[in-house]
Each structure stands twice: as C-alpha cells, then as structure tokens.
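Following the hints, put chains B and C in place on chain A, whose structure we already have.
Protein chains in written order, with my numbering: chain A, -6 to 521; chain B, 60 to 156; chain C, 665 to 1397.
Some hints here could point you the wrong way.
[To be verified] Residues of chain C clear of chain A, computed beta-carbon distances all greater than 10 Å:
#1 Lys1026
#2 Trp1209
#3 Val1273
#4 Glu1322
[Claimed, not checked] No farther apart than 27 Å at their CA atoms in a straight line, the calculated lysine-lysine pairs in the DSS-like style are these:
#5 Lys462(A) <-> Lys888(C)
#6 Lys709(C) <-> Lys751(C)
#7 Lys1105(C) <-> Lys1342(C)
#8 Lys751(C) <-> Lys1026(C)
#9 Lys1026(C) <-> Lys709(C)
#10 Lys1294(C) <-> Lys1205(C)
#11 Lys1301(C) <-> Lys888(C)
#12 Lys888(C) <-> Lys1205(C)
#13 Lys709(C) <-> Lys452(A)
#14 Lys751(C) <-> Lys462(A)
#15 Lys1294(C) <-> Lys1026(C)
#16 Lys455(A) <-> Lys36(A)
#17 Lys1294(C) <-> Lys452(A)
#18 Lys1342(C) <-> Lys1205(C)
#19 Lys455(A) <-> Lys1301(C)
#20 Lys1026(C) <-> Lys1105(C)
#21 Lys452(A) <-> Lys1026(C)
#22 Lys452(A) <-> Lys751(C)
#23 Lys709(C) <-> Lys888(C)
#24 Lys1302(C) <-> Lys888(C)
#25 Lys455(A) <-> Lys1105(C)
#26 Lys1026(C) <-> Lys462(A)
#27 Lys1105(C) <-> Lys888(C)
#28 Lys119(A) <-> Lys31(A)
#29 Lys452(A) <-> Lys462(A)
[To be verified] Which stretches of chain C does chain A cover? Using the computed rule of at least three CB atoms under 8 Å from a CB of chain A, they are:
#30 876 to 889
#31 904 to 912
Hints in this document: simulated from the structure, not taken from any laboratory. Idealized CB from N, CA, C, for every residue including glycine.
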Amino acid sequence: MTAFLSSINYNAWIVPVLLLLPVFGAAGLWAHALMSAKDPDDKRWREVRLLAFGFFLAEAILSLGLWWSIDPAAAGWQAAVDVPWIPQWGIRFSVGLDGISMTLVLLTTLMMPLAVLGSWTSIRTKPHAYYTMLLLLTVGMLGVFASLDLVLFYVMWEIMLVPMYLIIGVWGGERRLYAAIKFFIYTMIGSLLMLVAILYLGSEASRIAGAPTFSYDFILNNVRLDPTTTLWLFGAFALAFAVKVPMFPFHTWLPDAHVEAPTAGSVILASIMLKMGTFGFVRFALPLFPSAAMNPAVRSFIIALAVIGIIYGALVALVQPDFKKLVAYSSVSHLGFVMLGIFALTTESMQGALMVNINHGVSTGALFLLIGMIYERRHTRMIADYGGIAKVVPIFATILTIVCLSSIGVPGTNGFIGEFLVLVGAYKTQPIATVISATAVIFAAAYLLWALQRIIYNKLDKPANEAVKDLNWREIGLLVPLLIAIVWMGVYPKPLLEKTEPAARRLVTYVEAQAGKAAPATASNTAR
Amino acid sequence: MLVESLALSAVLFTIGVVGVLTRRNAIIIFMCVELMLNAVNLTFVALSKVYGATGQVFVVFTMTVAAAEAAVGLAIIIAIFRHQRTVNLSNINLLKG
Amino acid sequence: MNPALTPEGAHPLAATVARLVWMLPLLPLLGFLINGTLAMLGAAKVGPADPSADGHGHGHDDAHGHGAAHGHDAHGHDDHGHPPRHKFAGIVSLVGPGVLVAAFALALGCFFAMRSVEMEHPYLVTLFQWMPVGDLALDATFLLDPLSMVMVLVITGVGMLIHIFSVGYMQDDPGYPRYFAYLNLFVFFMLVLVLGGSYPLLFVGWEGVGLCSYLLIGFWFSEKANADAGKKAFIVNRIGDFGFLVAMFLMFANLGSLDIATVAEKAVELPMGGAIATAIALFLFLGCTGKSAQIPLYVWLPDAMAGPTPVSALIHAATMVTAGVYLVARSAAVFSMAPVAQLTVALVGALTAFFAATIGLKQWDIKKVLAYSTVSQLGYMFVGVGVGAYVAGVFHLVTHAFFKALLFLGSGSVIYVMHAAYHATHNHDDAQDMRNMGGLKSYMPVTFYLMWTATLAIAGIPLFSGFFSKDEILGSVFARIHHSTLAEATLLGIPGSTVLMIVYGLGLASALMTAIYMTRMMLYTFHGPNRTGEAERPHLKEAPWVMTGPLVVLGLLAAFGGWLNVPALLGAIGPVGGLEHWLEPVVGEAGLRTTLGAAPHLTHETEIVLVGIAIAIAVAGIAFAVMRLKPAALVPKKDSPASEGIDRVLENKYFVDEGYDAAFVQPTIGVSRIVLWKGIDAGIIDGLFVNGSALLARAFGWMGSQLQTGQVGTYAWVLLIGVITLLGAFTFR
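The following block holds chain A by itself, in its conformation from the complex (with noise of 0.2 Å):
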C-alpha cells in the first residue's frame, strides 16, 4: 500500500485535494439547482443528496491513504504543501499531518458520509444550500486540523462558524435561531482574542525573522517571550479553544446547539467540531507556551475545570429529560476527561486523551444518529415518551444498547480504552483530580442505563410506539461500520495507539522539557 501511494505521490497532493474537493462540490450543487430549477421539489432533493454524499464518499475513500502514507514516527510534518498566500503579510497556505492530526482528518472525512446518511430522508427544505454548507464545513474543520500557519489555521477555525450557523438556524429544531446565535456568539467571543493573540505572535516573529511570517514551526522555534506575556496569549488561546472543547464553564452553548441542530449537525457537532478545541490545545497552547500551561496555577486552574466539568457533566446528564440534551452533557463529561489526560501530560494518559477524542467522536457521532433516527419516526426526543419499545425495534435497541456501553466505557469497547488510559496516566501526575474524576465511571453508567431503560425497556405502555417500525437498510448499513469501529478500538486498539504515540511522546518530552527551562521551580511539580 505504502508503495504504491508513493508512486501515485500521494503525500504531495493529497491534503490540498482535500481541501478542496469540497469546493469543487459545492460549485457542482449550485450547478445542479441552476440546472433543476425547474424539476419537481421531490426529485431535486433526491438528486442533490446523492450529489453530494458522491462527494463525501470520494473524499472519505480518497484520504483512506493517509492511514498508510503518514509515517507517525517520522520527525517533521508530512504531506506537507507550502505555497505563498497573501506574500505582502506573510501569509502562507502551509498545510501538513502529523499521526495526531492524521487520525482527526480522517475521523472527520470518515464520519461526514455517516453524517450524510444519516439525515438522508430528514431534509428536504432547501437541500441544496444545506448540502453545500456540510461541504463547506468539511473544508473548515479538514483546514483547521491540517494548517500549519496560524492566519490560516485563524481562517479555516471562523469559516466553520458560518455553515454551522446556516445548519442550525436554518434546519434546527423550534429554537434554532436562539441555538444558532448563541453558538454564533459563544465562539466568536473566544476566538476574537486568539486572533489578538495570533496577530501578536506574527509581529513578534516577524521582528525576529527580519520579514512578516505566521509559520507556526518559526513561531514554536524562535518566539520567546517573558512570562506574563506568555500568560496573556495562552489566556487568549485557551479561552478559544475551552469554549469549543466546551470546558465547563463555557459549556451552555452546547446543550441548547446540539438539541437544536439537525442530525447531521450534532453528529458533525459532537465527531468533529468539539475535538478542533482539544485538537487547539494540543496543536497550539501547549507546545507554543509550555511554561504558562505548565504554571502550577494555571495547570491546577484548567485541571480543575476539566474534573468539574466531567462530574458536573454526568450529573446534569443524569437529570435531563431531553434525550438529545443528555448525551450532550455527557459529551462536556467525556471531553473533561480529554483535557484532563492532556494536562495531566504524561504519554499514557495524552494518548488516552486523543484515544477519548476519537472515541466519543465514534460513539456520541453514533447516539446522535440513533435519536435522529428514532425521532424521524416518533417526533420527540424526550425520554418519558419511549418505554418498552425494544420489542417493536429489536434492531435499534440492540445498536443503542452497545453504543450506549461503548459511551460508559464498558471494558470490550473502544470508551474503556481510553478512559483507562487517561486515568492511569493521569494518577501519575494528578492523584486526587484523577480519583475524583474516576468516580465518573458510575455516574455515567447511571445516566445512560437509567435512559436507555427509560427508552427501550419497561412497559410498552405508550400506543404512539406500537407502530414505530425498526430500522432500515440504509440505516443499519451506516451504522455498522461505527459498530465496527467501538469493537474494534475496544478489542484491538494497538494501530490507532501507535498512529499517536510518537507525536504524543514527542509533545510530553517537549512541553516538559521546555516547561522545566522557563521555571525550574515548576520542575517537581511536572517530573514524573
């Protein structure tokens, strides 16, 4: 395989292909409504969503490559494209992966076809701007994930607002608009402050460079600042990524953004979106200022906020009556055991983080598809409107009952491996944070078991549900291959850990190392 990707050049062109894929889709949607305008309204949205699910498909087939192209333990980035962009500013298009990223960009052009089919039957308003804006948001979240120059990585990180908006607004629930503006809101604040921040971090390299530059390898390499102004822009980079991962407490948008969105859009949501905020954290604030992230305050500040947010995640999870709003919770709970693995920075539990990060992107991607799919049939969410239909839907209730183990972390699933590896990793450094946090193993069992017995067990006591009919096909079909993967990474977890662990390793060697120079005080606290 590796052979023959480097004889078609594979590395040279693919993440620019990518990147641009979806652009080419989105011309071609708006070709097609020019074209049909005149066609029946039921014919167009057949033809619009094969269209475009064409290419999601092509994308996701097209980056499968890069599981065998992208050595993990190469040093330097890989598939690496450096062009000029606005010369005058020196601003450049520089894109490449590392195992990281390369795990992330592929979760993500593999989950939008899922997403895609997922919401297959669902929209039929207006599906040709709705498809283009999932392409254009695959474009966002591949560039944020692949940009190696921080006015890039700025652009791509803000042109997911807008689709994301138009989704949620436009095809959400009954308030959307609040959920859209809000979110809207939420994340710009946030991000305002990195772009203050990333402006500061391109003057300062300039200065040392001698020319305008924005490269993040110059910038990790050359910028050194004093502490408080180190503090400063670590502030401004962490505020942006919290409110995207989200960290309590900045987590509010979320409930409401995933309730309101339509399927695609929470699938995409949870998958996607709230990894480019861990992603953020470890691509960005940690290895560009190790000392302020490494600052006993601050560390024991965003730990802090991690452990918070995973009980307090559970918790409120355990009282919403809103199925949907409750796997949203439990999401800021999952994501809170993310930031913990990654600072609590040692190699186990950074890999558990990113294990996490692909984990919960798999299984909550999955919970939001199965209520998506149960709510085209019955037109609620809310829990107390289910009971005993696993004998009408025999398939269905099979298929939530092993993604809602895999979300509990049920040892055999993927949610295990890497909540055991954070935590283990984790006590090394974080005793008491980490026990504290493991007592999320029961809330989250008590959550999700107490709403799937709500759900699927019990009495079949409500009339409404006596017809809902199972799954089908293409819904199965969909589905299976994340079945595949939750057993997969549960049983056999080994290809994904060694994809990571040399860039893992590298990033707790260097931010260690880097955080020990700048504040030796520091250094006990951060030794293992």
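The following block gives chains B and C in isolation, referenced to the frame of chain A:
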C-alpha cells in the same frame, strides 16, 4: 453696502434657523430652509465684490440644488400628507427609538 | 508480559493440549455470535426505506402486524396453552450448551495436561499486544496456573450443567436464542476474568460479566422491576469497579506494572503493612464488595433474582459473584503485605455472613432465601481469603458452586413446576412464595432429595462437601488468632486477635442461622400440607429429565465435593489436602507470610473440639428449625397477615434499600436537578452570564435609543447646540 448686505443675510439666516427649530408645519419648515439657502446666496453675492466672481458661480449652483430640493422635498411632503393626512412634524416620528 | 518469567514455547504446557487455552473463552464467544445472530434474525424486521413516511400510507398493515405480534409476546404466557417454541430453538439448544460441553472438555484436557507436567511458572499465552502505551506495555495474555484451572473447571463444568438445565427451563420463552446468547457471552467474559494475565484484562472480564448480569437480570425487560434490578446491579457494581480502577492506578504508579505476575513480584518488596500495599488491597476489596455482594454493596444481589433462575444459579451463585474471592486469592501477594486490609476483608466478610443470614431467616420468596444465603456464604469465603487461608476460601468457593447451583436449580425446578401449574389454571399467584408451596416432596421426589443433599451440605453436616470447606475456614481463623501477622496488626484500634475472635464468633453464629433458614426453606417448600390450591394440585409433577439430569450430577458433587481437600484429621476417608497441594504454587507463599512462615498448626485435640462445635451447631440449627417451625400452620400468601416488629424489619431487609435511596440516590438526583442543572447551568451560567450579558447589551442599546425621539425639531436643536458648542470651543480655547 457690503456690511448692510451681510447684516441682511445674517438676519434672514437667523429667521430661517428659528423657523426650522420652532415651527412644526413641514411646509413652513421647508420654506425656512429655502430662506436659509437664500441668505447664504446673498452672502455669496455680496462677498463676490471682494473675492471675485467665484461666489456668483456658486449661487447658480445653489439655486439649481434648491430647485431640485424643492421638487423632491415637496414631493415627500405630499407623500407624507397622503399617508398621514397631516404635515405636522410632531406626529411624524417613525425614527423614534 | 515479562518474557524472562516464561520463555514462551519452553513452558512444559506448550507441548500439550493446554496450548489451546485461548480457545476456552473463544468457544462461548462463538456461541454468543451464533445465538445472537439467530436472536436478531428471529426478532428483527427491517424497517421501510423512508422512515419519515408516517404510518397512514403503505405502512399501515405493518403497524397492525407489529401490534398483534406485541400482544402475543406480552400475554403469551397467560392466554395460550403452549406457545410454539422459537423457530431457531433446535439449533440454539445445540449451540448454546454445545460450546460449553466443548469448553469443558478442553478444560479437562488442560487439567490433565497440567497434572502430567511439572510447572514452576504459570503458563502464559500472549495473543496480541493490547495497549502498548508509554510505560504501560499491556498485552492480551492468558494466564493458566492451578488457581485459574480450578476456576475454569468450575465455570465450564457448572456452567455446562446450567446450560443444559436452561434448555428445559427456558424452552417456551420467546427470547430463547437471546437468552443463550447472553449466557454464552457471560461464560466468555467469566473465562477472560479468570484467565486474564493482567489486571486490566481481568477487569475486562470483571466488567463483562457485570454487563451480562445486567442483561440477564433484565432479561424480561418489559417488567419495570426487572429492568430496575438489572440497572441497580450494574450501577452498584460500578461503585466497586471504581475501587478496582483506583487500585490499578495505585499499582501502576507505585509498582510500575499491571501484569499480575509482575505486581505479585513487586508487591512483596513493599514495606510490610505499608500504606501503598494497604491502599491497593483495600481498593481492590472495594471492587470485591461490589462484584461479590458484600457490605455495603450487597444490595443488588437479592434484587438480581429477577432474572431467570438458571441465571441466578450460574451468575449469582456459582461463578460471577465469587470473582471477588478469586481476585483476593489472585492478589494474595498484595494482601499478604497488608494485614490491616486482610483484617478488614475478614471482618466485612464475617459481618456480611451474619447480617445476610439474619435476613435470610425471614424471607418468603424461595429465591430470596437463597440469595441472602449466597451473600452469607460469600462472606464466609472472604473470611477465608481474608485471614490468608486462600485455599480454604477457594475450596468453599468450589463446594459452594456445587451446592448453591444445585439449590438454585432445584428451586428453579420448583418454580418451573409451580409456574406451569398456575399457568394451566390461569392463576396469578406468586409462584416463588414458599407460602404457596408446601408438601411438594410427594410431587417432585427427585428434586426433593437433591435439595436436601445440598441443604445438608450448606448446613455443614459431616461428610457433605460444605462441612469440609466451612470447617476449614473457621479452623483457619481460629489458628490465626495466636500466631500471625493479623494478630499483631490493629484495625481501627482493635487488636487483630480480638478482631479474629469476633470474626470466629460471627462465623459460628452464621453457621447456626444457615442451618436454621435452610431447614426452614426445605420444610416450607417440601414438607407439610400442600398450599398451592385445589385446582392446581393435579398439575404438579416432576420437571423433565433435561432439568433433573444436571441436578443429579450437581447432587453428587455437592455430596462428595469435600473429597477435594480432606483434612488431616479425616485422613482415613481420602487423600489429604488435594486442593492445598494443587494451589500451593500460587498462594502458598502468601499464605505462609500471613502465618509468619510456619504452616498454621492446631493440635489434634483443639481440632477435634472445633469440629465438634461446628457439627453441634449444624445439628442444633436443623433440630431447632424442625422443632419450632410448623409448616402445617402456614397459610397461602394472599391469606397471610402482614408481619410486625422484628419480623417486619427482617422481611424488609433492615430497610437498607430504602436508606440508600434516601441517603444517596434521591439527594444525587435532587442536587443534580435543582442545584446543578436548574441552578448553576440554567440559572447562573446561562441566565446570569450568557443571557445576562445579552440583556446588558440590550439595556445599553435601549438607553441609546431613547435619545432618538423621532422629532426632527429636536434633532435640529441638538445640532444647533452642538454647532454652537464646537464653534465656541474653537473660538475661545
């Protein structure tokens, strides 16, 4: 002669300002605005004695603009009247916050 | 896994059938896959391509079809004489028990292979690298040593019998393939648990059996009570699992490994009685209290009786609940370095044994009696492994698996017959309440004799299996009162020897109560007049052979299982200390550490006195029950008055469930809803900060907008004042 002309135009202008500020009828306010324009015209003409013919040229411009303004302004006032059955500006406060 | 420990391939077992040990768990997994597929094929009906189309169009007929099918499922038991068997029943009956027969055969092969070779080290089979992360080089490794061999034999052997029994017991159930799928999956996880070569792999099995327990307790999920019980079991177990997890964190941080062998090696280098060893041991034990239903986490096990009775026999009596005992024995090295933890284990075990026995005295549901009896007997096992008598604990585990499986299957057979009788007459009485039974001995003699065998075994009547194991546990406690690390340690300020004496006393008291409540159960069920009802009586008859057959085998084991480990005192009747020798390589060293290097020794005279006391207590308990309890005086459940006073407290299990609910569950839910969600989330964060800032912006905007009167005159005035001000400012600056 210059002093008297300027004094007259000052008086005319002031009358125009006071009219605009105190009256509520749109037509009268409009006429006061015209009064102020003509006061300015008078100033231009008077001062052209000192500074040359440029002032005279400006007066022609101003009169053209004033004519256009009168056409548009009166049209607006008529439109308002048709809509509101009054041209009393106290009742026309669509811009109120 | 440490390669130096076992040069792969060089191990003597590698040349024998034992190299196939990895197939042991895979066989039931295969069964699960087949049965699970059949269950889905039988139940599922794939939906229409477009789910948003509502049921009025072409889907209308489907809707009716579903409704009808549902009605059939729900009422099938009541309305029809014999519901047709599941369409895949034949193949499921073949696959489900079949894989267990194969696994048992393979286990026997491994056992004989193990007996035929000399092995110094456990046999490790690494399947693949599992979590190679940082310092945590975890492999999927199976560990076969004498201890796991014993467990494997019990699991596959007893499991096989219970699978066969289930073929009869569950034959009419519409969820027949699903049942066997779960049961197979359980055996898979249980085997992973006992064969796991590292704590995380053991934990996979540990949680996996909990999952299967959850699924099987809630097997008839349409009843809320059953679904509740399953959920409760899982969540309570998770509390224990939290302890297990923390123990693993401690091990990894302090010992640098999670492999069982390496941990055992490193643990003995820790300071004796040090904080680390004690903490690891105590957190592990927290895990055990969940899985093995000890105080304070025993509350799930009685509720778990909501599952089918064979499940109670297999999971909630013979195998899964003993996993905690196995874990302590498996971690013997760690526990032996922490006498305080050992004392805690023993004391909790003894208290649980006593406490559960008191509740067992007053239960009316035949399965609840057995459930509390199980909790009590598990307490005994923990007393055994707690005082460092690992062999005694494991021995009791094995004999208990025999006689308690027999008791449960026997009760299952009784319930089956009662249910069939009530079913035939459309009676809705409780088929599990002993007040509705009575006099069954003449209707089902086989079950009757076998149940008495098990009762005598559990009561500790000499030469039955329970006598040997229980006696060995009590004897071990007594022997350690004087000369052991335990006696020298202190628990919460109480000297260890005193604690051990308390444990011994509680053990004797529990033994007495065990004899009483078991005899009570037998008397009420099988003796006296029959209270089932006139119409039902003709329908009472012995269960089919597929159910009684396994009972007979278990009866033989319950009667003669004691021969596995005959005490020296009774050396005349068989080979002395078979199990002791067998387990010596695994737990011998740890046991000796507790007894300060010398084998625990009691003089012959002391031993005879102790045995005499034990026998006297057992006989006294049975005699007391026979004399005091009058089955003839009982009335059926529906005619029974509510009990009062201490009876009521015991019948309601000391109201512990209600207490937990009020102390933990309701406050958690209340705080989460009122304080965290409505208060902090919706109130402070969203209300005050998020929407508050929006409100603030809106307020400023409103203030600004008030300047806009809409009166052009006002604007002109403001303009004029502005112009004058500016002019003035420029003129007079």
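Here is how each hint holds up against the structure:
1. Lys1026: Check passes; 30 Å lies beyond 10 Å.
2. Trp1209: 33 Å, holds
3. Val1273: Holds, because the least Cβ-Cβ distance between Val1273(C) and chain A comes to about 47 Å, which exceeds 10 Å.
4. Glu1322: 19 Å, holds
5. Lys462(A) <-> Lys888(C): 23 Å, holds
6. Lys709(C) <-> Lys751(C): Satisfied, since the Cα-Cα distance of roughly 15 Å is no more than 27 Å.
7. Lys1105(C) <-> Lys1342(C): With a Cα-Cα distance of about 60 Å, the restraint between Lys1105(C) and Lys1342(C) is violated, given a limit of 27 Å.
8. Lys751(C) <-> Lys1026(C): Since the Cα atoms of Lys751(C) and Lys1026(C) sit roughly 43 Å apart, the hinted pair is violated (cutoff 27 Å).
9. Lys1026(C) <-> Lys709(C): 47 Å, violated
10. Lys1294(C) <-> Lys1205(C): 24 Å, holds
11. Lys1301(C) <-> Lys888(C): 23 Å, holds
12. Lys888(C) <-> Lys1205(C): Given pair Lys888(C), Lys1205(C) is violated - Cα atoms ~31 Å apart, limit 27 Å.
13. Lys709(C) <-> Lys452(A): 20 Å, holds
14. Lys751(C) <-> Lys462(A): Given pair Lys751(C), Lys462(A) holds - Cα atoms ~22 Å apart, limit 27 Å.
15. Lys1294(C) <-> Lys1026(C): 14 Å, holds
16. Lys455(A) <-> Lys36(A): 36 Å, violated
17. Lys1294(C) <-> Lys452(A): Status violated; Cα separation ~40 Å.
18. Lys1342(C) <-> Lys1205(C): 59 Å, violated
19. Lys455(A) <-> Lys1301(C): 33 Å, violated
20. Lys1026(C) <-> Lys1105(C): The given pair, whose Cα atoms are some 22 Å apart, holds under the 27 Å limit.
21. Lys452(A) <-> Lys1026(C): Roughly 31 Å separates the two Cα atoms, so the pair is violated.
22. Lys452(A) <-> Lys751(C): At roughly 25 Å apart (the allowed maximum being 27 Å), Lys751(C) and Lys452(A) satisfy the hint.
23. Lys709(C) <-> Lys888(C): 25 Å, holds
24. Lys1302(C) <-> Lys888(C): Within the cut-off at roughly 23 Å; holds.
25. Lys455(A) <-> Lys1105(C): Measuring from Cα to Cα gives roughly 45 Å; hence the hint is violated.
26. Lys1026(C) <-> Lys462(A): Distance of about 47 Å is beyond 27 Å: violated.
27. Lys1105(C) <-> Lys888(C): 34 Å, violated
28. Lys119(A) <-> Lys31(A): 14 Å, holds
29. Lys452(A) <-> Lys462(A): 17 Å, holds
30. 876 to 889: holds (count 6)
31. 904 to 912: holds (count 5)
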